[in-house]
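Based on these hints, arrange chain P on the given structure of chain Z.
Chains as they are written, first to last, in the numbering used here: chain Z, 1 to 355; chain P, 356 to 821.
These are calculated hints, taken from the structure and not from any lab test. Note that the structure is predicted; figures quoted are calculated from it, not measured. We treat Cβ as the ideally placed atom computed from N, Cα and C, and that holds for glycine. Treat the hints with caution; some may be incorrect.
[Said to hold, decoys possible] Pairs of lysine to any residue, SDA-like flavour, derived with a Cα cap of 20 Å:
no., chain 1, residue 1, chain 2, residue 2
1, P, LYS457, P, ASP384
2, Z, LYS195, P, GLY487
3, Z, LYS12, Z, GLY131
4, Z, LYS133, Z, GLY52
5, P, LYS798, Z, GLU132
6, Z, LYS225, P, ASN646
[What the hints assert, rightly or not] What follows is a set of in silico ranges between Cβ atoms, one per label pair, in the way DEER data are often shown:
no., chain 1, residue 1, chain 2, residue 2, range
7, P, GLU676, Z, LYS195, 50 to 56 Å
8, P, ASN386, Z, TYR355, 47 to 53 Å
9, P, ASN715, Z, ALA221, 35 to 41 Å
10, P, ASP793, Z, VAL297, 45 to 51 Å
11, P, ASP816, Z, ASN19, 35 to 41 Å
12, P, ALA679, Z, THR2, 40 to 46 Å
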Amino acid sequence: MTQDLSKEFQEKIEDCFDNSRCINICGHDSKQFYGRTINNQYEKLSTIEHQGVIDYQPTELVITVRSGTPLAEVESVLDEKNQMFAFEPPQFNQQGTIGGMIASGLSGPARPFAGSVRDAVLGVSCLNGKGEKLVYGGQVMKNVAGYDISRLMTGSMGTLGLILDASIKVMPKPEQTITLVLEQSAEQALQTWQKLGNQALAISASCQFNEQLYIRLSGNAAAVKHAQSMIGGEPLKEDKQFWQQLRDHELDFFQGPGSLWRLSLAGATMQLNLSGDTLIDWAGAQRWIKTDESDNVIRHLCESHGGHAALFAPPDNKIEAFHPLAPGIALLHKQLKQAFDPVGILNPLRMTADY
Amino acid sequence: MSVEMQEPLPTTFITKLIECVGEKNLLTDKNECWNYGYDNSRGHALPQAVAFAISHEQVLTIVGLCNQHKIPLTTRGRGTGTTGATVPLHGGLVLSLERMNKIIRVDPANRLIVAEAGVTNKEIQIAAGEHGFFWPPDPTSAAFCSIGGNLAYNSAGPRAVKYGTPRDNVLGLRAVSGAGDELRTGTFTTKGVVGYDLTRLIIGSEGTLAIITEATLKLTPLPASKRTMRVVYNDIFSASQAVAAIMAQPVTPCALEFIDHAAIEMIRDFSTAKLPDNAGALLMIEVDGPNSAMSDAVDSIHEAAKNKGLLSFDEATSAEEIAALWATRKALSPALRKVAPKKINEDVVVPVSHIPELINGLEKLATQHGIKIVNFGHAGNGNIHVNLLIDPDDPVEMKAAHECLDEVFTLVLKLEGSLSGEHGVGIEKRDYIPRELDKNALKLMQSIRLEFDPEKILNQDKTLPD
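One chain only, chain Z, in its complex shape:
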């Protein structure tokens, strides 16, 4: 389906601005569990009928897509040309739109090796909180004209504007991919990542849980073979499915009891002393933990290691989903929100209790 609803969205936001009426921008609602729970009384503004690939030139390695286009549809368009989003965006419940992918800023297992969704967003057109259309960046890889607003929109949870369309960098698919499995504890895996960390090997993902270390290799046949000979381990059958299940939180680990926290830490940080099960992803930099520990304990421990913690699927807003910001940075956030959305009508309270 191809349909441009920019005008309708613009009129709606202008009207909401004039009447100080709040709206809840959404796509498939596939990432409702991410961020704060927002009040259902806000009118929904769904992007899912604003669809279509506006431009795709495989040789330019860029695709420009309307925000409501299903992520799965875009990935199948890329697949036909043997290309992909290198940051491996999650598709929770096999759903999700391009707008949601950018607004949430979530990237998959390849993130530390191939970059994040933020790295890939080259340009964005959006509507701010007054309904004004803004266009930033473009389809070229390098652009230093003005401030980098496209990246500011990425991960802003719809609080700065409604994304109309975006130009996103794509990459050729690797020639070969295999996954190796090694029997290793978390401590051993952390040491292995240290050892491999200063070598330019064709690693494209790595995680550890249940006493197993998984390392995915992607590249040309010689590079994969070279890395395999360095690492050892046994090849994993059905490895594509394994990484998809990790990416989309479908592994059994994610279904277990306890609250799900994502800890963002420097990769070499030792195992934290927290109760519950842990899955370490991103070669140590992202740690999923299912735990009943209090938010204070978790966040204090993360901070003491220079990291931060986010609570997934908070039952209510008694515990903030996102790690609190330092006062100076929080003030700048508020001012930025004000600059984009002066009346505060876009996705209010989605990121923070302050706005």
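Relative to the frame of chain Z, chain P by itself:
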């Protein structure tokens, strides 16, 4: 504005500055200050004072003082920028960070390095190299430019085609906003962002939002080996077609540089480099990775590079062979310096498939305005350095150059490109920015600027037009 028209700096301001940095770190003599009034652009203006900070805390105090007294503040590193962002247009104070030159921490386990803003790119590379890493951004001025300036401009260099720009290779910043507030953005983690991405917002903002005092840089393991290729085509269309094919196959080169016909002829005139007589365009390509993967990688590039216009494909494996191939490319800069020492060098960006149209359009503009234009640059991401070989002391040539440049920018935007890929905007391109960014986008950027710098003390009249 001439210095005679400026109010002298208040005595209390100078006294407080001396208290902050010490007398030996403050210049007020006009002759000495003059040396800090220019960069690598054609702009030059006299600052009323120059302070050399040696710590983040001093920068905090200085920004506070400038706010209190409403003194224009221009921050600089090594002055290698080419668009005038460090020229103190309104006098005031120049804050030099060249003495904030400490590498605070090299952390190989977490693949990062924390350094003060005045450390040079080269010093970063040396420190990282000792642990088997490198920091990917490598602008031409890498040997001398400071990372503060490198980040302020988001200057990338050839390796960006594979490894990205500074925005993609920085984990966090310590900075002082124009309002005088301490900022710490990002973290030491791969997923460094909580909330809005202020790190990327500040990088590339040319010192108009905040002063970067310290950066946490993401390191990449040094590849075990590298192969260099020189590929010659009979015309720009064939070369451009090859660039697109090379970028679309899975082995991404770590450099993909382009030289056009006019530049090749210049190399021929000024060096002994051997090139086919009918060379219309030349590509220099590098791939890196493990030793065992190099042969396949070169084969993949060779396959993608083949088309009807291919004249020669040379691969170097030894250091001597690599040096010989790069000699062709390296002959270009001395040749340019000889022919036009004060050339205008623009760094526009267009989608790769539009490079032929750009080069053809530039050839037409060169004929139309009677100016010699040579082009080379980073073809893999369409970032082309357009060199107008003129004598800026000749008013007739300068007038023609300005008119020509105006049309160059029109052409670039028509081809869905951008006015700058890495040199930045500064003063030189400020007035062209409204052609690329529309009114609403500019208005928002200006309001963001005001949030960071309410008294408008930082780099006034740079980067964004009024």
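Discussion item. Assuming the hint says 50 to 56 Å, is it satisfied by the Cβ distance from P:GLU676 to Z:LYS195 or not?
Written reply: Once the Cβ atoms are compared, 33 Å apart, the range 50 to 56 Å for Z:LYS195 and P:GLU676 is violated.
Worksheet item: Within a Cα-Cα threshold of 20 Å, do P:LYS798 and Z:GLU132 meet the stated pairing?
Response: It holds: about 11 Å lies between the C-alpha atoms, which stays within 20 Å.
Worksheet item: CB of P:ASN386 to CB of Z:TYR355, is that within 47 to 53 Å?
Response: 52 Å, holds
Worksheet item: Is it true that the CA of Z:LYS12 sits at most 20 Å from the CA of Z:GLY131?
Response: Given that 20 Å is the threshold and the Cα spacing comes to 8 Å, the pair holds.
Worksheet item: Do the alpha carbons of P:LYS457 and P:ASP384 lie within 20 Å of each other, as the hint requires?
Response: Distance ~28 Å between P:LYS457 and P:ASP384 Cα, so the pair is violated.
Worksheet entry | Beta-carbon spacing of P:ASP793 to Z:VAL297 - inside the hinted bounds 45 to 51 Å or not | Holds, since P:ASP793 and Z:VAL297 (Cβ atoms, about 49 Å apart) stay within the stated range.
Worksheet item: Does Z:LYS133 pair with Z:GLY52 here, judged by a C-alpha cut-off of 20 Å?
Response: Judged against 20 Å, a Cα distance of about 19 Å means the pair holds.
Practice prompt. Starting from Z:LYS195, check that the Cα of P:GLY487 is at most 20 Å away, please.
Written response: 12 Å, holds
Worksheet item: In this structure, is the beta-carbon distance linking P:ASN715 and Z:ALA221 contained in 35 to 41 Å?
Response: 40 Å, holds
Practice prompt. Measure nothing beyond the straight line between the CA atoms of Z:LYS225 and P:ASN646; if it is 20 Å or shorter, mark the hint as holding.
Written response: 12 Å, holds
Worksheet entry | Status of the given 40 to 46 Å range, CB of Z:THR2 versus CB of P:ALA679 | 53 Å, violated
Item to complete: Return holds or violated for the Cβ distance of P:ASP816 and Z:ASN19 against the range 35 to 41 Å.
Response: The hinted range 35 to 41 Å holds for P:ASP816 and Z:ASN19, with Cβ atoms some 39 Å apart.
Hint compliance for this structure: hints 1, 7 and 12 are not met, and every other hint is.
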